[in-house]
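Peer 1: Here is how the chains run, residue by residue.
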Amino acid sequence: MSASSAFNDEKGGSSSVGEPEYGHDPASGGIFSSDYKRHDDLKEMLDSNKDSLKLEAMKRIVAMIARGKNASDLFPAVVKNVACKNIEVKKLVYVYLVRYAEEQQDLALLSISTFQRGLKDPNQLIRASALRVLSSIRVTIIVPIMMLAIKEAASDMSPYVRKTAAHAIPKLYSLDPEQKDQLIEVIEKLLADKTTLVAGSVVMAFEEVCPERIDLIHKNYRKLCNLLIDVEEWGQVVIINMLTRYARTQFLNPNINESLLEEGGSGDKTFYGSDEDEDEDEEEKEKKAEAAAMAKRKPYVMDPDHRLLLRNTKPLLQSRNAAVVMAVAQLYFHLAPKAEVGVIAKALVRLLRSHSEVQYVVLQNVATMSIKRRGMFEPYLKSFYIRSTDPTQIKVLKLEVLTNLANETNISTILREFQTYIKSMDKDFVAATIQAIGRCATNISEVRDTCLNGLVQLLSNRDELVVAESVVVIKKLLQMQPEKHSDIIKHMAKLTDNIQVPMARASILWLIGEYCEHVPKIAPDVLRKMAKSFTNEEDIVKLQIINLAAKLYLTNSKQTKLLTQYVLNLAKYDQNYDIRDRARFIRQLIVPTEKSGALSKYAKKLFLALKPAPVLESPFKDRDHFQLGSLSHLLNAKAGGYQELPDWPEAAPDPSVRNVEVKESVPEWTKCSSREKRKEKKVEKPFYTDSEGESGPTESADSGNFRLLALIAWSFFFFDSISSAHNRGVCLGVFLQTIAPSSALKSYELLHRITGEGLSVEYCFSRQPFSPDANMVAVQMQFTNSASSDTKNLHIEDVKLQSGMRVKEFPEIELLPAGETATAVMGIDFCDSTQAANFQLCTHTRKFFVSIQPPVGELMRPVFLTENEFKKEQGQLMGMNEITEKLTLDVKCRNEHAIVQRVTTAANLSRVPCGSDKECRFAGRTVTSGSLVLVTVATKEEGAAQLTVNCEKMVIGTMLVKDILQALTQ
Amino acid sequence: MISQVFILSSKGDHLIYKDFRGGAGNDIVSIFYEKVTALTGDQPPVVMNHKDIYFVHIRQGGLYWVATTTAGSSPFTITEFLNRLAALVKDYCGSLSEKSVQMNFALIYELLDEIVDYGYIQTTSSDVLKNFIQTEAVTSRPFSLFDLSNVGLFGAETQQSKVAPSSAATRPIQSSREQGGKSEIFVDVIERMTVVIGSNGLLMKADVEGEIRVKCYMPSCSEMRIGLNEEFSIGKSQLRGYGAAVRVDECSFHQAVRLDEFDSHRILRLCPSQGEQTVMQYQLSDDLPSALPFRLFPTIERDNGGRLLMYMKLRCDLPPKSAAINVCATIPVPKGSVSLSQELSSPDQSAELKPQSRAVVWKIARFAGGTQLSALFKLEVPSLSSASMLEVGPVGLSFELPKITATGLQIRFLRLSPIQPGPSQRWVRYVTHSDSYTIRI
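So the protein lines, in turn, are chains A and B. Be aware that the first sequence starts at 1, since it is given in this note's numbering, and climbs by one per residue. Be aware that the second sequence starts at 1001, since it is given in this note's numbering, and climbs by one per residue.
Each hint should be verified, as a subset may be incorrect.
Simulated crosslink set (DMTMM-like; lysine to aspartate or glutamate; CA at most 20 angstroms straight-line) [said to hold, decoys possible]:
(1) K1018(B) / E103(A)
(2) K1018(B) / D73(A)
(3) K382(A) / E1343(B)
Honestly, the hints are just simulated from the structure, not real lab data.
Generate the whole structure from the sequences, applying the supplied hints.
Peer 2: Spelled out as structure tokens, the structure:
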């Protein structure tokens, strides 16, 4: 330390920035020898035995890298420390290696073996970090090693390592694109991963390596939609963008009727973008379009998968990450039916309270959206009012939005608001406001006169810029109806004496020339004054003077002939060749000579033709052909690497193509849509009951096993009926998935990771019979040790129970290594009550008080009854034992399958076959006392339904009614 | 995807440079700085490009935070990422400044390494990152009299230690881990007011945006409960309790907040992660529960000598015990005003004419509630016309109201569980700022 600071003094502070002892570029050192000395010093520190010295040296080296200085000559000394035990040092060495490995390939290879060892480490963090660094070393020679490591890591137990593997894929791809095919295989495998941690990363890899392989997404589409909400926020952004693209290729345009309309109407709308026209047209067009559409195809029905995507992304509008909110907003904008796009407005308006950079980007997008879907942002008009503290670029964007939102009803408020903006200090902003007023005036004819008067008042403003801008805007407005406003033109003619801004002067002159017939007396006088000052004018003004002269010559040659000659002569000797050209051209055209050709006859027509009024339109008008939220949209230019959003398929994508898709076939033959959230997990029960109806009642003590057998038998039945071998494989996969109970059930938290100091415990009611004691409810617990040290001797102590309750503890778990997960099953006899079982969960160091409280639906097990048996039993459980409730079913829960699914989720019951399709019946017995529980859901019109529960145990009955009611109505 | 990330000081010095994907020239940083400084205006555009490299930058803590990208990735992602990065650096280094960044090169480099992998953002959650980050933050505490005043004679604690110095909340989150530093928790209720008062004295628009920020330095805090006013209500329909309700229009919460006790008892439950986070954001428009903090009564006339007379009476309607600080009124004046003479009602005010911004700036360091100040400004304006009288106003007011919330939101209690071993301190602060307080004349 002291040596190095001494050196600094000697150097005399040649690098004035930064900590004196950090980060000196060896190359910039003045004295060569002392340079060496200092590096020796660092090397010595790196070679020492003390970790603290090594750490200090590494920190200094990293500081050099951070500031972009070269530290490559230290490579040999640093790479030696890659195997250092101290994790702090190790990490900094990794940082160094990643930076310089490419330059020092041979030496970098020395470190590879360390990483290969690291890949086998029991600690998941070390495995992951080894893989990360290994894949960051950009040395071609190790491509095979990397490939192997990625493949291994892709099937690692730890999702964190798998995630790292996903991140490594694009690195390897950029290093050696020839590995693409192998990498796609890995991506395919990782796409099938069911953990949220991996999903985001693998989609990033997919987007980089093989975005064109959209077929890989098909079978993972629904899973991604369902996982989306739990994925890490940056992953969400990538997935949403990918799904947007996917949906554009796979589904039909939900606004197909409207878009036809737009195409038809676009021809009329080019000049006047005004909205009243549009509204008028709309009805007519709608009829036409409808007729056309009717002729062409049947009415549009949204694909349920399309709906799933929209539904599952909607909650993400609440995210606190602006990027996620915007991703969802653009998804809705590009994919949702018009009627539903409105939901994004609120979320976007909320983003306006964020940092000014975010505001800027949001407003750009809002401006584009507000052109197409004005109604969406109208309720939030006030949110776009300008604050005096906003930076100019945000003010201008807000003005843009306000202008886009203006219509007949709100224009008066907007104009009042604009009036106050004109007083602002900020000149650019005032100019933009005046232009905005002009645009409002052109778009809304009712206020045109009001705006014009307001602008004319501004002409007496003391600020020249304001006046100039007003003149330019007034000119455009007057062009629309000049005959009414000759007094304004006169007023403006007077302004030529004072106003100096060239653009404004030019505008006034053009206006006078164009409408010289409305101001016959003033126009020649203006020309006279201008001729006087011609030589001192700006080029743009000179051109307009020539124009004015020409026009006056044609209309009023008596008064202005000499003046025109004079101006043209002046222009002839002007320095600017444009002006000389113009003068020559005009002289030929208007002054009759013998040589002059046929053209001069038409001179009047040429100069005084009626010119179309200019269109004042938003600069954001055509931006929506870029995907919203993309960089290209922001720049309004195609950025490198921009992928255009594909157009909707023109015709409905061939349904048979979608049938071949594997997942698509699942709901088809089960008749229960696995599109419902969590559905996959519960397909089990409808399966069983459907088949049960055919095979007749079977008494089975062990319902779980029976179910499984039935399922397998049933599945074989179906395998025969499915022709494609490919589909069979998938079916089998689905079954295996449904059989595994742990993935299918709702789990509850027993011990949080933070409370448990790294140990987290979740439990679920596995709904399997608990073999040691049939009167107990099986509780499956999953222990995860996310601490850095091992946990030993996991067991239960000090069980506190209500009288009658019993617990069968799980066998002690001797060792739970760091980063590992273990599962155990314990049995609890709850005595048919929802009392909690309290106990202590002990490790070798700590004890945690925990409790398990069962939902009432878990206190029973399914039994199998025929319809007649059910009716008979029900007849015996009347009166006090019967509870009836009327309810209105949730919209999504109006069909039989949805009802069955929800009831069986809420309670562990089995379905009783039934002749009528208006009724669903379920039966079960309480676990401890074996009392019958009978549930009937009778549906009526309009979602009305009646729920009946018959149960000897009234408490259980009442609670069950409550739970099922909740399940069915939400 | 991000190609490079770099942090520049406002003078253009390279502080941090990290290249994730390679392939960019060495001069990229200087190209960016040239581009930024070449532009005039108060804020350069967020996205700029040079050939096919796109720069996205934000400014925080007086530093440029820049990311470059080549492919068409969303500018949202990158701006949001840069904001998060700045917040993380602030959490880990304690404060955000050129100096703190310079002292923590290694730490920030390590952070960047964990946050971004090959240009892909991995995670920005400080809870997750805490497991990976090994480097300790280096802090420098500026010498402060506050710190000294806490130590009494012979090192005994004095009464003043009841108040934490304002710098207490700026320290790195990690130091508490090893050093066994004080476990503290800071809860700030910050509100920003946007008000427009019409020339007739009527309130035209009032808008309050507020947030509750928690800064946590508790290594073992698993759950924290923040109790708000019982009568706190959201939306217009719902009214709770008797007397004046505390009402907001809209409210959103951090995703870690659990609201199961919110409906019944107005209690927010959360497991705070280390560092700073915004727990709740809310917004109230139009009907404020209390009177506006300031009223201005201006009289503007021309005297015989062609001078412009502005008589300003400013009343502070806060409760008498509280006060506003750093009050500053900006009064735009006609173009060409050459000199100002002033009569102020008390000596602790000051006023000056700023010719380049064409405004009179009237500053009041401390303004007690229930009092009234007045000032007479005489402006020498050659060529004063009646039109130029219109150029006066609107008056902009900026101020800070410590210990006051405009909505009336209060924190009833702050409970931590499990009970913290050892001494732990909980601090609650309230402050209302002016975002834009405009009085039209």
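Peer 1: Hints first: check each against the structure and report whether it holds.
Peer 2: Structure-based check of each hint:
Distance check on the hinted pair: K1018(B) and E103(A) sit about 16 angstroms apart at the alpha-carbon level, within 20 angstroms; holds. Our distance criterion of 20 angstroms between C-alpha atoms is met by K1018(B) and D73(A), whose separation comes to about 19 angstroms. Distance hint between K382(A) and E1343(B) is unfulfilled; the C-alpha atoms sit about 39 angstroms from each other, more than 20 angstroms.
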